[in-house]
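Student: The working numbering puts the first residue of the sequence shown at 128, with every later residue one more than the last.
It should be emphasised that the hints constitute simulated quantities derived from the structure, not laboratory data. Among the hints, erroneous ones may be present.
Between beta-carbon pairs, the in silico distance windows are [what the hints assert, rightly or not]:
no., residue 1, residue 2, range
1, Ala245, Ala164, 41 to 51 Å
2, Asn220, Tyr183, 12 to 22 Å
3, Pro201, Asn230, 35 to 45 Å
4, Glu223, Glu247, 10 to 20 Å
5, Ile241, Val165, 30 to 40 Å
6, Ala245, Ile163, 22 to 32 Å
7, Tyr183, Cys204, 21 to 31 Å
8, Ile238, Thr168, 32 to 42 Å
9, Val197, Ser229, 27 to 37 Å
10, Gly180, Ser248, 40 to 50 Å
11, Asn220, Ala244, 24 to 34 Å
12, Ile238, Ile184, 12 to 22 Å
Virtual Cβ for every residue (Gly too), placed ideally from N, Cα, C.
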Amino acid sequence: DRHIHQTNRVVVWWTRMSDWWNRKKLISCSSVVISIAVFYTMWMRNSVAKFNGDSYITCAVVMSTLVLLVQQYPPDCVMVGATLILDLTGVLNSAEAWGGFSNSVVLSVAILGIVAAAVES
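With the sequences and hints as input, model every part of the structure.
Tutor: Written out as structure tokens, the structure reads:
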């Protein structure tokens, strides 16, 4: 009886892990397919020939950001990380990267997020 119980626990664990792995694999595969489709479309329009190093960095950061958001990583960390990468690589200067936070609309939305979290709890 004890052996059957342990076997059932292993089967349940294996099923959960396999579901998790398949979900992650599906998300990763779909993001690769989307990336290939976007680059193929740009190639057919001769847009890729106009790319420079900053363009490739931006595409890589955007695709990585989308994958992380789809995998449900914390959006605030992902977006700040993407902005930081673009700032540190020189694609954006500091004024362009962080200037949006001085906008009153952005601050209003941030305050509404705080109020919503307070009301929820």
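Student: Next, verify each hint and record whether it holds.
Tutor: Structure-based check of all given hints:
no.: 1; hint: Ala245 with Ala164: 41 to 51 Å; result: holds, 42 Å
no.: 2; hint: Asn220 with Tyr183: 12 to 22 Å; result: holds, 19 Å
no.: 3; hint: Pro201 with Asn230: 35 to 45 Å; result: violated, 22 Å
no.: 4; hint: Glu223 with Glu247: 10 to 20 Å; result: violated, 34 Å
no.: 5; hint: Ile241 with Val165: 30 to 40 Å; result: holds, 35 Å
no.: 6; hint: Ala245 with Ile163: 22 to 32 Å; result: violated, 44 Å
no.: 7; hint: Tyr183 with Cys204: 21 to 31 Å; result: holds, 24 Å
no.: 8; hint: Ile238 with Thr168: 32 to 42 Å; result: holds, 39 Å
no.: 9; hint: Val197 with Ser229: 27 to 37 Å; result: holds, 30 Å
no.: 10; hint: Gly180 with Ser248: 40 to 50 Å; result: holds, 45 Å
no.: 11; hint: Asn220 with Ala244: 24 to 34 Å; result: holds, 32 Å
no.: 12; hint: Ile238 with Ile184: 12 to 22 Å; result: violated, 33 Å
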